[in-house]
Amino acid sequence: MAAPFTLRKIGVPPNSANLTEARRRVFDFFRAACRSIPTVMDIYNLQDVVAPSQLRFAISAQIRKNAHITDPKVIDLLLFKGMEELTDIVDHAKQRHHIIGQYVVGEGLVQNTGNKDEGKSDFLKNFYTSNYF
Amino acid sequence: MASLSTTSLSFKAPSIQSTRISQVLRKASSFQSISFGRFHSSKSLRLQISCAAKPETVQKVSDIVKEQLALSADTALTAESKFSALGADSLDTVEIVMALEEKFNISVEESDAQNITTIQEAADLIEDLVQKKPATSEAS
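Chain order of the listed sequences is E and X.
With the first letter of the first sequence counted as 1, position 58 gets the number 58 in full-length UniProt numbering; the numbers rise by one all the way through.
With the first letter of the second sequence counted as 1, position 84 gets the number 84 in full-length UniProt numbering; the numbers rise by one all the way through.
For reference, chain X alone in the conformation it holds in the complex (with noise of 0.2 Å):
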């Protein structure tokens, strides 16, 4: 209806005073800018929630603490369970967080890397760079 209504002003173009479509013209470009405005409002803030990590996180990293350190497939992996009562060493531990960066295509600082011990703490940690990461690709 508004395209239909600026079409036939537009016609009638040379006959009516320049002020007048120019107010219309600001009234169809507001209404223009009332319909962006509501299409960008409809986007919400995501909400950061700080919680403990998602359960299926942690079944990821249990998944790859077994495959490295060839653990059977029934040995029971809590999340509190510390890699080195698994039986890891301190190479292995950084191979786990290694064999971590390349599954969820984050990147560990060393200073980060230097508090694991359990397999909590790796989910967690893993949830924080997950986080971190799509908010710098969003701005990029």
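With the rest of the complex left out, here is chain E (with noise of 0.2 Å):
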């Protein structure tokens, strides 16, 4: 049996010099995530529910969400939520209902609608640049 992977908290590391470094923590992120997928369904007896795989593919989709993001920074800070809400997983600070409506069922409880900005006309994008465009 692989030894039992232990989530360890370090401190907040500097931020990534360019992309590439950015794509390694995201990377060890997703590695660090799956790794604890275990312990999370011990915590919250999710083996009934849902299988390893599906919550890897949750996991994966929610990061793929953000695949377009190209600035180093905002890819650190979306890490940074990231690992928080993983810390808080791992830790038993959430209940069951909670990782079960957010990961486990395709909707969620609060309603997913995508990025904000994506689905509105460009009416509305200028709408507060000019009366005429």
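If a hint is listed, it holds; no wrong ones were tucked in.
Below, in silico cross-link-like pairs of lysine-lysine (DSSO-like), each with a Cα-Cα straight-line distance of 30 Å or less:
{"no.": "1", "chain 1": "E", "residue 1": "K73", "chain 2": "E", "residue 2": "K94"}
{"no.": "2", "chain 1": "X", "residue 1": "K82", "chain 2": "X", "residue 2": "K60"}
{"no.": "3", "chain 1": "X", "residue 1": "K54", "chain 2": "X", "residue 2": "K82"}
{"no.": "4", "chain 1": "E", "residue 1": "K94", "chain 2": "X", "residue 2": "K103"}
{"no.": "5", "chain 1": "E", "residue 1": "K65", "chain 2": "E", "residue 2": "K125"}
{"no.": "6", "chain 1": "E", "residue 1": "K65", "chain 2": "E", "residue 2": "K9"}
{"no.": "7", "chain 1": "E", "residue 1": "K81", "chain 2": "E", "residue 2": "K65"}
{"no.": "8", "chain 1": "E", "residue 1": "K9", "chain 2": "X", "residue 2": "K133"}
{"no.": "9", "chain 1": "E", "residue 1": "K65", "chain 2": "X", "residue 2": "K82"}
{"no.": "10", "chain 1": "E", "residue 1": "K65", "chain 2": "X", "residue 2": "K103"}
{"no.": "11", "chain 1": "E", "residue 1": "K125", "chain 2": "E", "residue 2": "K73"}
{"no.": "12", "chain 1": "X", "residue 1": "K103", "chain 2": "X", "residue 2": "K54"}
{"no.": "13", "chain 1": "E", "residue 1": "K81", "chain 2": "E", "residue 2": "K9"}
{"no.": "14", "chain 1": "E", "residue 1": "K65", "chain 2": "E", "residue 2": "K94"}
{"no.": "15", "chain 1": "X", "residue 1": "K132", "chain 2": "X", "residue 2": "K66"}
{"no.": "16", "chain 1": "E", "residue 1": "K9", "chain 2": "X", "residue 2": "K103"}
{"no.": "17", "chain 1": "E", "residue 1": "K65", "chain 2": "X", "residue 2": "K66"}
{"no.": "18", "chain 1": "X", "residue 1": "K82", "chain 2": "X", "residue 2": "K103"}
With beta-carbon atoms standing in for the labels, derived distance ranges:
{"no.": "19", "chain 1": "X", "residue 1": "E110", "chain 2": "E", "residue 2": "P4", "range": "16 to 22 Å"}
{"no.": "20", "chain 1": "E", "residue 1": "Q54", "chain 2": "X", "residue 2": "E80", "range": "26 to 32 Å"}
{"no.": "21", "chain 1": "E", "residue 1": "Q54", "chain 2": "X", "residue 2": "E56", "range": "22 to 28 Å"}
Note that these hints are calculated values from the structure, not bench results.
Backbone N, C-alpha and C fix where the C-beta goes; we use that ideal spot for every residue, glycine too.
Mind assembling these two chains? They're in different frames, but the hints should get you there.
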């Protein structure tokens, strides 16, 4: 049996210098999250509800939702929030219905309508700038 | 037979000199040690043959890849097919490695994971790690 994985809490590291390092951090975060999945399933008793592969898919879907971002600092901040969420889950600071609603069921408790600005029309986007466009 | 002789000797113990008893006891203990030695030598050393990965490992890896990338069941997956050719981006590759970690109960380091691009390489790495693993668990 491989040694059980423990989530080590380190301080906030300095910002990534370039996109490559941000990319590496994303993969490290994803690996840490995937290795914590057995612990999470144990804590919240999700054995009958969901399979580990589904949880992996949920995590990668969340990462993919932000895959279009190119600014390393934005990526760092998103990773920070992701790490915070993961730490909360592993510390049992959340409850079972949170996990099921947010990561197991498709839509989730809160309506995930995608990014805020994508569906809006150009009219609304330019509305604040001027009347004539 | 040996046990019978020792019990008979123990009856006569008070009458026999101590040196003789010690000689017989030494013989009996040497008998025991011989039998133990035979027992240990029957376990032959396992030869580590480094060869290509077993076909069932490759098959298992292909199944996981198909499931991860949502390929249809009849797409032909050879051992040399690259993940990127099958439509996997880098996050998919990492996810495949994590799925393999879970399935085979191993732990892949980041440096090893960088080099995996084809199914054959993944199967070879898994074989490697699976062989290394029982050696450590035996020692503990």
